[in-house]
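Peer 1: What follows is the residue order along each chain.
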Amino acid sequence: MRLPSFEYLEPRNVEEALEMLAGHAGRAAVVAGGTDLIVRMKQRLAQPAFLVSLKQLGGLNYIRRENSLIAIGATTPLVSLRDSDLIKTHFPSLAGAARLIGAPSIQHLRGTIGGNLCLQTRCLYYNQSPFWRSGRPPCHKDQGKICYAEENSDRCRSANQSDGACALMGLGAGIVLSSTRGTRSLPIEDFFTGKGESPFAAGPDELVTEIRIPVPGNSEGSSFQKLTYRSAVDFALVSATAWLAVEKGRISRARLVIGGAGASPLLLKETSDKLVGKDVHDKHAVEETARQARNHASAFMVDNLGSTLEYRKKMSAVMAKRAVQKALDRCLGNSSVKGRKSQEDQKS
Amino acid sequence: MKKIPLVLSVNGEEYDIYIPPNRTLLEVLREELELTGTKEGCGEGVCGSCTVLCDGFPIRSCLTLAAEVQGTEITTVEGLKNEDGQLDLVQQSFIDRGAVQCGFCTPGMLMSAKAFLNRNPSPSEDDVRKGLSGNICRCTGYTKIVEAIMEVAKKK
Amino acid sequence: MKKAHTLIGERVPRVDSLAKVTGEVRFSGDLIFPRMLVGMVKRSPLAHARILHVDTSRAEKLKGVKAVVAGKDTAGVKWGVFGYTQDMELLPRDKIRYFGEEIAAVAAVDEDTAMEALNLITLDLEELPAVYDPFESMASEGPPIHEGYPNNINIHVHIDVGDIEKGFRDSHLVREDTFTADEDSYFQGEPYAAVARFDDAGNLEMWMPNAGPHMKAKPLANLLQMPLHKVRLRKIAIGGAFGGRSEISPADYICALLARKSGRPVKIVYTREENSVNIRMGHALVTTIKTGVDSKGRVLARDITCYMDGGAYSSTGPIATSVPFLCMEQAYRMDNVRYNGYRIFTNKPVRGMIRMHGRSFACGVDLQLDMLGKELGIDPVTMRLVNARRAGDFTPTGSHVASCALTECIEKAAEKAGWKEKYGNLPAWRGIGIGVNSVQTGFPLGIRGGSQAFIKFNEDGGVTLISGVVDNGQGNDNMLVQVVAEELGLEVSDVTLITADTEVTPNDPGSYSMVSTFAGGNAARLAAVDARNKLFEIAAKAMEANPDDLVLENKKIFVAGSSDKFLSLQKVVRMGLIQGHPVSGEGHYAPKVDQRREWVKNPKGQLSEAFSFGATIAEVEVDPETGMVKTLEVTAAQDVGRAINPMVLEGQFEGSIAMGGQGGMLTEYHFWDKGRCLNPTQLEYKVPLAADMPKINNIIVESLDPAGPYGAKEAAMSIAMSAAQAYASAIADAIGTTIKDFPMTPDKILAAIESKKEKG
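Here the protein sequences come in this chain order: A, B and C.
Number 50 in my numbering belongs to position 50 of the first sequence; there are no gaps in the numbering.
Numbering-wise, my numbering comes out as the position in the second sequence, counting from 1, plus 1000.
Numbering-wise, my numbering comes out as the position in the third sequence, counting from 1, plus 2000.
It is worth saying that the hints were derived from the structure and are not from the lab.
Hints may contain errors.
Once the Cα atoms are required to be at most 25 Å apart in a straight line, the calculated DSS-like pairs of lysine-lysine come out as [unchecked claim]: (1) Lys2063/C / Lys1002/B; (2) Lys55/A / Lys1155/B; (3) Lys313/A / Lys2374/C; (4) Lys2756/C / Lys2290/C; (5) Lys2063/C / Lys313/A; (6) Lys145/A / Lys2674/C; (7) Lys313/A / Lys2218/C; (8) Lys2374/C / Lys2748/C; (9) Lys2412/C / Lys2695/C; (10) Lys1156/B / Lys55/A; (11) Lys313/A / Lys2756/C; (12) Lys2756/C / Lys1002/B; (13) Lys2456/C / Lys2541/C; (14) Lys1156/B / Lys1081/B; (15) Lys283/A / Lys2757/C; (16) Lys2290/C / Lys1155/B; (17) Lys2261/C / Lys2218/C; (18) Lys2166/C / Lys2456/C; (19) Lys2740/C / Lys2674/C; (20) Lys1003/B / Lys2063/C; (21) Lys1154/B / Lys2695/C; (22) Lys2261/C / Lys2072/C; (23) Lys2630/C / Lys313/A; (24) Lys2748/C / Lys313/A; (25) Lys2166/C / Lys2420/C.
Quick list of simulated restraints, FRET-style, between CB atoms [claimed, not checked]: (26) Ser5/A / Val2504/C: 57 to 65 Å; (27) Ser198/A / Ser2755/C: 38 to 46 Å; (28) Asn1118/B / Asp273/A: 46 to 54 Å; (29) Ile146/A / Ala2428/C: 45 to 53 Å; (30) Lys1002/B / Arg155/A: 35 to 43 Å; (31) Asp2163/C / Glu310/A: 42 to 50 Å; (32) Lys2592/C / Glu310/A: 18 to 26 Å; (33) Ile146/A / Gln2225/C: 41 to 49 Å; (34) Asn2119/C / Asn67/A: 53 to 61 Å; (35) Glu2136/C / Asn152/A: 58 to 66 Å; (36) Glu310/A / Glu1032/B: 48 to 56 Å.
With the Cβ distance kept under 7 Å, some of the chain B side facing chain A (calculated, not the full set) [claimed, not checked]: (37) Met1001; (38) Pro1021; (39) Cys1054; (40) Gly1056.
Just so you know, these numbers come straight off a predicted model, no measurement behind them.
C-beta: ideal position from N, C-alpha, C; glycine also.
For reference, chain A alone in the conformation it holds in the complex (with noise of 0.2 Å):
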């Protein structure tokens, strides 16, 4: 399948990147490992007229602690964050998303944290080859007015299947941006439109540099955990991220992800509020949690990611369940596993 034309331009740098894409705004894409990028090119999905390479800024490749915060530049690639131990240690929900993004040749050399950060949303009448999707109006995320995935729908309900933009979302972290015109961070909420068809809050001259976390406490835990047929290669049908801090055996601190519910990774604020003050061994919580993750991120699911939409919405109980049940542990300096079959952040 040929790509589409371009003019595919190397900066050495990642000033003279931003100058570029100041240059040819709108018209440029960045490609760091492109597994994400190429393929839509391949479909037609994507068409820039420019590439902009960021294989020469290896100075974007870092994992570093900063005082109270782990720094991790945008083309880190996820194998780093799989086998790195300051993100294993800290941060098990990103190691085990990274781990579980593709397969390990994703996930050498190709896959970033910062592609798999702006990963395109995803829908299965969109993704589609050129042929597949001719023939009939284009959806809303192709530049059309009519949604496939659900009928009579005024806007693209395609959905955000990142593994870790779910586990950054979860960890609350900040997304610095640069351009020529300066740098600015960003809450990880504040980065998502939760609109289909253009998710991303950056504007076409900015790049995505750096994502940053606040190291947690000694009595904080988080877990990701994933819904796929396969053990590996599929995007999540639906997943969770849970966060959750641990004081004087009651929750201080939670925060709960639901992804592939919605363009966004879906941040649960009022049902991680709940969570807080609930004691570690309230069973009764977390299966509260789980109804209401569920009834919330069913809002937001359409029948357009593959099995059923009955079964995902069931899925995004269990995953949430699951995820705040292995967060407690964590934070209980517990390692036992609890649930057998989802694919989980267990250390390699």
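Based on the hints, put chains B and C in the right spot on chain A.
Peer 2: For chains B and C alone, coordinates are given in the frame of chain A:
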């Protein structure tokens, strides 16, 4: 589209080529260099038939622009034999253990296996299966492929 | 003179593996010829439409375009597998019948130009109402998909043996269930490709994946209106078939047309999507089975009605509609059985034969045995044993079963899998189940039913075997080499093969009816024996011995017991040359089947000369929260007649379990947006990965078929089918309720668990 000059190092040999920048590494390998051992099985980075090594790391060549790997060392299945023309241990093991049926997935499988063994000298069977999770085989059910790789690990 | 077999039964590494591990082997898409053009196909964006006009003029004018073809460039010949199913023009002139059907094609100097040219072809289509489901199709009042097929019913196979009403009356227990399954699909590793070139004398050479080049050459010659001897389908490495590459494909025909029109070689390489949607896929089936058993669990009557979604054309319709029934009637004894199989046209991609043929049928039959057994207090293994086919039986439609070790397969599988200890004693949410099936070793193929082989010698004693047998990756080339090396006392490296080339090799039925070893292997063996006899005649005279006392081992001919006094093979070959009687060998074998048997008009008589039988047991663990299945262990036992190469056979068993069981029963199905397939690639069509596969135990059982070469017959396809059945049975055991819609994806398993809980 303006063509660009590229110097690619493949299997220890340098190639001076002049190609449109939209060519993937897979296309360049198969069409420009006529190294047809690496296959296209899906074109979208799922099946692993296009797996080659880039500085020893397994990558999906169907998703990688040739221009992106200038300056790296690319190894394809044609480069697995040593200088004397002897088969790599993993190639011989695949033959001996019946791990090759139709052979279409074999080049990608071998490259993934080679990269995996370089990083995992004493793997468990489970490790091997996970290491191969990006390579789809429709013929073998994977059993003998895993056995062939375990055998090489034991020998080393 | 009889000798102990040296190569038969040996785990000989396959002779074709070396070229495959070095990347040297060429598949169709790897071929490069000087001045070769890129061919690409223009496809219909509608599922059902009349073709009013196809305007190719702008495409023809584009620089770099060397040929454009459409229906008007064809001779209008309609092709069909059978005389009475000739309904496909391959490049239609009048009508489009499915979304994505071929409607025009271009050959250009490069891919970019070809893509641009496709966009310059304009289609003037009159849309017709389309139907996407067999029942909708049968009830449709719109224009039929094919004239002459009222209610869009393509095929009706009717079989009625014995007295099923009496059988049901005599039954102790009767149940009726309906089982359904979506389409499954081959997903061969290699996406389809075709290469064609004409020479100046008008001879056509082609390379493409096939399950029998002779079976493709004749239809191609007809379509191109060329004499057969000018159509040469060449030997090429093939990346899997699994039943999906036996018929002539529009890609083949279009490629030839483009090559003819442009005067240059043309290569068409399909995308993965095209490979899934524009060649063949498996049928979706709705199967209603009514079975009556006596108090011992013996089946007294069975009545089955099957509706198959055939897609837009007949393809191998009569065969596809029959095979699920035939497998069952071979596997199980039954005196009274009735079958009504209907294949229905729909405006969807064309369906064909597939390795796991008829999930809902096969799994339905076995799940019913489980359910009936449960009511009778008889366990699943016993239910299979009391009904199992035995050697010497006749099937209901009249095939004599010469060799059968099914009982041994069931017993050995049960023992290895620990059935007695495990069944009924496993912890919650774990289950064990069994599946049993049988597959034909070939079927009546008229003039193409037999295989012939030739052997020639070089003056240094080297041997070449010439055979029409084709290798799709399963190891047929190696089988031929092992057989010839065996008979002629050679190493496998001494045998050169010329195979599957219609210019050079004699007729062969192809691999798609599972008869390559039986017919092709026999022919090769007989050719080698013929050559050996001639060698012995020459040697006997020279040694003043009796030809019957001679043996040929390690390239030496000697009187048995006196190996120190020998003549080398090379010497005897040269003696033959100098004496003016060069040695060669000829062998042919046609399975003894009833050539009057016809799928629809006369479905009785000897179907195949031999049948394979298999039993698979699977043990699974279900996660009751998610419905996900972890497959713990699978044990497969098949009566293969004789294992010519156990290592190759094990590979076939393991692949069968992956395709039929792990994928076929857990995750593989196509889903649709009306006529558009939503999951045409391996991303969304979930073929199993390495880490998904369980521990596998292989049990090879040998019944030594009297006619098969060394006793060999069909090997491993019955495992694809019985594995699916075993998984279905194990899951039902694990969750305590039977799911009747396949594959058993987690959502269905979870729903079944919840439904059972509600019912209390």
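Peer 1: Can you tell me whether the CB distance of Asn2119/C to Asn67/A sits inside 53 to 61 Å?
Peer 2: holds (57 Å)
Peer 1: Given the hint that Lys2166/C pairs with Lys2456/C, test it: the Cα-Cα distance must not exceed 25 Å.
Peer 2: Violated, at about 60 Å.
Peer 1: Mind checking the alpha carbons of Lys55/A and Lys1155/B for me, to see if they're no more than 25 Å apart?
Peer 2: With a Cα-Cα distance of about 38 Å, the restraint between Lys55/A and Lys1155/B is violated, given a limit of 25 Å.
Peer 1: Does the structure keep Lys313/A and Lys2218/C at a Cα separation of 25 Å or less?
Peer 2: It is violated: about 54 Å lies between the C-alpha atoms, which goes past 25 Å.
Peer 1: Between Ile146/A and Ala2428/C, is the Cβ distance one that fits in 45 to 53 Å?
Peer 2: holds (48 Å)
Peer 1: How does the Cβ-Cβ distance of Ser5/A and Val2504/C compare with 57 to 65 Å: does it lie in that range?
Peer 2: violated (45 Å)
Peer 1: Could you check the hint for me, namely that Lys1002/B and Arg155/A are 35 to 43 Å apart, CB to CB?
Peer 2: Distance hint for Lys1002/B, Arg155/A holds at roughly 39 Å.
Peer 1: For the pair Glu2136/C and Asn152/A, does the Cβ-Cβ distance stay inside 58 to 66 Å?
Peer 2: violated (23 Å)
Peer 1: If you take the shortest Cβ to Cβ gap from Pro1021/B to chain A, is it below 7 Å?
Peer 2: Hint on Pro1021/B: holds, closest Cβ of chain A at ~3 Å, below 7 Å.
Peer 1: For Lys2261/C and Lys2072/C, compute the direct alpha-carbon distance and say whether it is at most 25 Å.
Peer 2: holds (13 Å)
Peer 1: Are Lys313/A and Lys2756/C close enough, with their CA atoms no more than 25 Å apart?
Peer 2: Roughly 20 Å separates the two Cα atoms, so the pair holds.
Peer 1: For the pair supplied as a hint, Lys2290/C and Lys1155/B, confirm whether the alpha-carbon distance does not exceed 25 Å.
Peer 2: Cα-Cα ~57 Å, so violated.
Hint violations for this structure: numbers 2, 3, 5, 7, 10, 12, 16, 18, 25, 26, 32, 35, 40, all remaining hints satisfied.
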